[in-house]
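Protein chains in written order, with UniProt numbering: chain A, 1 to 416; chain H, 1 to 1000; chain F, 1 to 221; chain D, 1 to 91.
Any given hint might turn out to be false.
Unchecked claim - Among chain H residues calculated to face chain F with C-beta under 10 Å, some are:
1) Q273
2) R277
3) V928
4) P931
5) I966
Hints listed in this document are in silico derivations from the structure and should not be mistaken for laboratory results. Cβ atoms here follow ideal geometry from the backbone N, Cα and C, with glycine treated the same way.
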Amino acid sequence: MRYSIFSLAAQTLAGHRGWKPAWRDAAPKAEYDVLIIGGGGHGLATAHYLASRHGITNVAVIEKGYIGSGNVGRNTTIIRSNYLLPGNTPFYEHSLKLWEGLEQDINYNAMVSQRGVLNLYHSDAQRDAYARRGNAMRLAGVDADLLDREQVRAMVPFLNYETGRFPIQGGLLQKRGGSVRHDAVAWGYARAADQRGVDIVQNCEVTGLTIANGRITGVETSRGPIRAKKVALAVAGNSSRLAAMAGMRLPIETHVLQAFVSEGLKPVIDNVVTYGAGHFYISQSDKGGLVFGGDIDGYNSYAQRGNLPVIEDVMESAMGLWPGLGRIRMLRHWGGVMDMSMDGSPIIDHTPVDGLYLNAGWCYGGFKATPASGFCFAHLIARDEPHPVATAFRLDRFATGRVIDEKGAGAQPNLH
Amino acid sequence: MSTKQPFRTADGGLIDRTQPQSFRFDGTRYEGFAGDTLASALLANGVRLVGRSFKYHRPRGILSAGPEEPNALVELRAGARREPNTRATVTELYHGLEARSQNRWPSLAFDVLSINSLLGPALTAGFYYKTFMWPASFWEKLYEPLIRRAAGLGRAAGHEDPDHYEKAFAFCDVLVIGGGPAGLAAALAAGRTGARVILCDEDFRLGGKLLAEKREIDARASSEWIADTLAELAGMPDVRIMARSTVYGVYDHGIYGVIERVNDHLPIPPAHQPRQRSWRINAKRAVLAAGAIERPIVFAGNDTPGVMLAGAVRAYVNRHGVLPGREAVIFTSGDDGWATARDLAAAGARIAAIVDPRPQIDAGLTALASRIGARVLTGGVVSAASGGRALRQVTIRDASGREQTIACDLLAVSNGWNPTLHLTSHQNTRPVWDEAIHAFVPGQMPAGLSVAGSAAGRFSLAQALEDGARLGSQAAADCGFAPTVDAQPPKTDPEGVALAPVWRVKDGKGRSFRGKAFVDFQNDVTDKDVELAAREGFKPVEHLKRYTTLGMATDQGKTSNIAGLAIMAEQTGKTIPETGTTIFRPPYTPVAIGALAGHHRGQDFRPIRLTPTHQWSKDQGAVFVEAGLWLRAQYYPRPGENDWLVTVNREVLAVRNGVGLCDVSTLGKIDIQGADAAGFLERVYINGWKALPVGKARYGLMLREDGFVMDDGTTSRLAETHFVMTTTTANAAKVMQHLEFCHQVLWPDLDVRMVSVSEQWAQAAIAGPKAREVLRGVVDAQHDISNEAFPYLAAREITVGGGIPARLFRISFSGELAYELAVPADHGDAMMRALMAAGEPHGITPYGTEALGVMRIEKGHVAGNELNGQTTARDLGLGKMMSSKKDFIGRLMAGRDALVETGRPSFVGFKPVDPNQRLRAGAHFIGVGKPAVMEHDEGYMTSVAYSPNLKHWMGLGLLRNGASRIGERIRAVDPVRNGDIEVEICNPVFVDPEGARLHV
Amino acid sequence: MSDAATIPDADTIPDAARKLEWAPRGAWAELPADGHLGTPGAAGTTITARNGLGIASLIAAEGSDDALVQALKTRFGLDLPSTPLAVRSATHALVWAGPGQWLLVADDRSGFADDLQALSGLAAIAEQSDGRAALTLSGPKIRDALAKGCMIDLHPSVFPIGAAALTSIAHIGVHLWRVADGPDGAVFEIMVARSMAGSFWSWLSASVAEFGCTLAATGRG
Amino acid sequence: MRITCPHCGARDVQEFTYLGDASPSRPDGLEATEAAMFDYVYQRENPAGRHRELWYHGAGCHAWLTVTRDTRTHAIEAVEPTKRPKAGTAA
């Protein structure tokens, strides 16, 4: 059923009894052309683009729990393409363009909201770095504005301009950045892929990869073996575990990132704002909750929960930036596990195993990348060559030195 | 009093009737008593309507008497102290309290957006996912702003929070969470062993559920047992009782987050006291005795003000001396609700009916009913409540489906209790279903935590006391404290716990539309929404929650999750445990952001580091700038200098033509000693160190192991086995950590001993042609600092000012004849004053980091903007420093293809072709005549400055093949500042490229 | 530093410098004047600035600290602690500062150069006298005040007299140890990096204010 | 999280800085190959379970520690100084 104001009106009159499941709860078939492991945003988007752009529909997405149970369901919903390096910028811009057309593409309102992403700077050196980045964006056809302090104040007057430890000097604004209703991304892609025939198989955990003569032929799962011509890993957070089933080690560590939401408030902040003097970013959801986060906890973890030092660090930054938050209450905090790669950038590539494809290393930036990640991964799987905007995300870049290190933090995942 | 507080009982309750407290709600003045909550005081005054719901703006009253309250949320206090979404049920009344209802306009009684209620049929769960897509641009321009405005509840204060917060850390053997019967028994048992015990309770009065009940322990009123227990605990030196303290989270290794509301019961915190204190309690063991939360029943109009939880009704009657209604109906699926009938009747309310769906009722209960004159309807249900802004009647359906209405102003609903097990699932472990009590109970527990009484699903008072004593004693024993010989657990009066829960009452066969039946009150999730979610495939509990927003409101589903699960189970034909479990994320109740930040806000966000010469710089009129944690003098404006550039130009020219003085104390200084010190430096720096003579300094560059540049600085050899390394200001701690890593992890066998001495030394640069003459005025005479005796790169220990130990280094960042003089920090202030005095005849000029930066750019020295973690030694023109005769950190990875390929951006200088044009750092280089797009991006400008010597702007940057393109022209394109100018590529050393001035 | 005490010939000092006094300015120069802070009434805490200390890091050569142990015993009568302890004589203290590292603290800086000279060659020595800001903290409520930032357990059963710790308070590294009890109970000595003395004071003064505080000996910086 | 420093005792994780996997050892010397160094610098086992890892007690005794910790539960099994003191050292 197509979603629209008309179908909603009709169903309202019918007591909403005619709505069908958004996607079929499929049982796995014996064989697929492409088997995507991971029913998160990236895996589901990959399935959608395989089906819609490449006509490959004998596809299953298998998920160990329920779809959208990973980071697509536990992030801070920000989208942006304000990247510095040529390996990244075109890719994230491609993603942002896909976001801009997402509702029409998948007939699902994921509430893409381009409210603007504002990165604050607090020193001349930081301003110079943001100018460098903003210019790189503009050269890549991405919108960017370098604001001075008064321009920032006009946008977000309630921040601490007077008594802050690290005075706000200005900011780099990407107006087209913003936020998206995160869960809806998974559901929308699932529904769109399902409608083109993709099987979405929940509660199906992969227990082994079947590899013969250097080629993958299928997977073992908790619901039995499934044969596949091509197998695609989209399990960020658990990439190393799956890769280990193919005998691979990756330049990746799994880390936990926490996120926070406040009680619902009447609108107070329109944009996404990031603090340049601490690890902190904040926006407000359509339901009124302030959604915010900070740095990763910083140690390898698969536990999907963090600890107090980082929580307190985030709250200190919150108060450092916006002292009016003191009496606002944090309602909920949670953690997600993510692939932290050795240069802070992702991998979309073949693996040494024929037919096995890898989509990994998204660090804490995977959500905004969801459409382009799926789009480019589908391209790679369908055509066996990288999409032009994702050519830099190679697995061998660490060996060759072609790292994509936005922060210049080096081969230490927890610093990216 | 009674006219003022018409619903106050004549006597009784744990309130102090001698202490009236005046307060305002929506501008109207009321009175309550000390010991009231805002909710009990409102009820005492007959205020039923206290808020509007989130989506449909339905009128809402008070449902509960505790932290689970979904409806009675108010904006507490005013102005900068306004606290939105504050639960009236846990707000301690104080004199002068001011509260406002929220999410309504123009008033609570007449709310325009209650029209949403009429649109209700369309506004089902997830309706927004299905629409607002056309036309595409309308979502952000029209629909979303409307949704945003309508959403949210209270309003944030628009101003800085004027109150203070603190953090605190505590340690104990046994933490007891909850001060009800189980918690008190646990604390007592643990305390008696001599263990260190902390007892936290979120309430302002200890006793927990006993406060709401008329119970007997050892044949005495339970209040006496509470008083005795508290008295005994108070006498134990290592027992700490923390009331008004909520344990909100369980973290790894026995760490519990606790918020102590130190002064929320006062209008304004007293001087020198915080509003709240955020504790991190480290406990070896903990006993969770958090009690239980009562469950509502889903039926039409179940959100009408006047529909309350039966246990809450008892709390208001027994604890607060308030009648929540005079004409009551009780709807109870178990024995517990009957106690409400009893207590209400005892307090003077009329019990119109007791509706119990169970076909058979214990004879004792029916006897009770006849004693209080209540009709009993067994096998029946309440199928609807109505009245709009206040309950007027309920519809009762009997076992045969016949319906009748009964007028009433209070409906007390009892449907059993859910253990307050939230903390047990904070480490992602799931509760398990206990069919015997129809509730989830704690499953796998976080290490060190045990659970007692109602929180464990053992609801009777006897069980609570028994569990508490046993687990408190066990927890202490686990910490090595021998159990004391215990008396028998105290005896309690009997109580009924039988229960047959009813999750929802469906519409009758006639399907007459009676209105919405709410599962999640605050988020306005109805039973129909849950059915729709099931129909659309959102069956896993997490999908259910996310699709319908069930359990996502400020109460986090404390009263709603289980009913939602039950209705989903009914839709899918599964049992509740097959449908899923609820898992609770921290915090247990919402926590003020300010509390978790504590002291660290404003200027105390992070420590400020001041150099030993700070006061001197202040006296000189310096403008300071943040450099990491440091404050450094940026420039020293003089009267009449209105532009910083004027000042900086003056300072630069003063150095180049005379002499200047600059504080460089912030550089990292690491003392390195040991037989293998030189060998160690060989391994961490890319260049050689073994041959450095004693008394000499050398520039060193270190890489990360991945081959990119980490840091640079000069290191001096003070003795054969003694070096002092300097690091950049920014990287001082990072380098220390790196060196410790190299020593302890990589090469533990080297004899190298390191300690930071950054704090010990005040260090000043004296730079300019007259530097030596100035220095002669402070260096003790026996030290020969002539050019011959103390040449460029000399580094020695000397004395100044008549015997003060000092270190003198002839090194130069400015490119002039220059020295850095270090003295013990206590003498730093005097050093600057002495140098100023000695330099006065030469016109010595203090200069700051800006002038320092200009001169380093004039000299083409790399600094932070070039050492950005993305550059190699070769990129920076320092590749020749890399020794091929030794191994060093980063050597191999620096040799990777991409790091050595030609065409990498390399370090060069730039000057504007038109000398009047200004350069900007961050501009990118694009070939002349080429389009300004990424494909033609050839690098970027790292640093720029105006050179008052050259009288034009100059820049440093990284340009593809830069070193081989000297003399070419290229464009510096700066779209974010609308800049696009032609520049000439040049040698990065703009002034004195031969370095002659260094050696004079 | 052996020539530290040499006084130059007065005739060789240029006129401009001759007038200079080289007055030292200690780490606590900015502390408020002695007196009462915070809540009026009996002070629950006492803060005494410690100025003019001699402080040095000693790092033993691995596996060869016997001579150092002996020299410290002979000169100061102090046993080098191998665990986090502070040992004290009437004039000096030795405080554990990490594996194989100690702080030697002299209550009076005069003569400290000689102390260090006597240890020369027995350990890597780096003077830190000017690099640390030191306080003595006491009073019946001092543990409650410290608990507002100190992340370690100072209960007497865990942190007895002589215990020492390197830790951090309010994002500032501290070196903390407990000395003999005074009339008001436990007494702690604490050192922080000189550059952060002001920020540490900001935290400390806010933390003791609730209990009232007597501030002493600030004038001797 | 608390880490029991073998020198200082149990301390909050806030006092420590994390580096990562302790198992790779640096291929030292001029003979070391680029491939071996690549492995050391970039490749990680990243197990879900028992993990030996390096932490630096930067706010305490400055010791580098080898911590054995379960990455699923954060439970710590052992903490050892990375640098083993030689016999006869006071520390």
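Looking back at the hints listed earlier, which ones does the structure fail to meet? 3, 4 and 5
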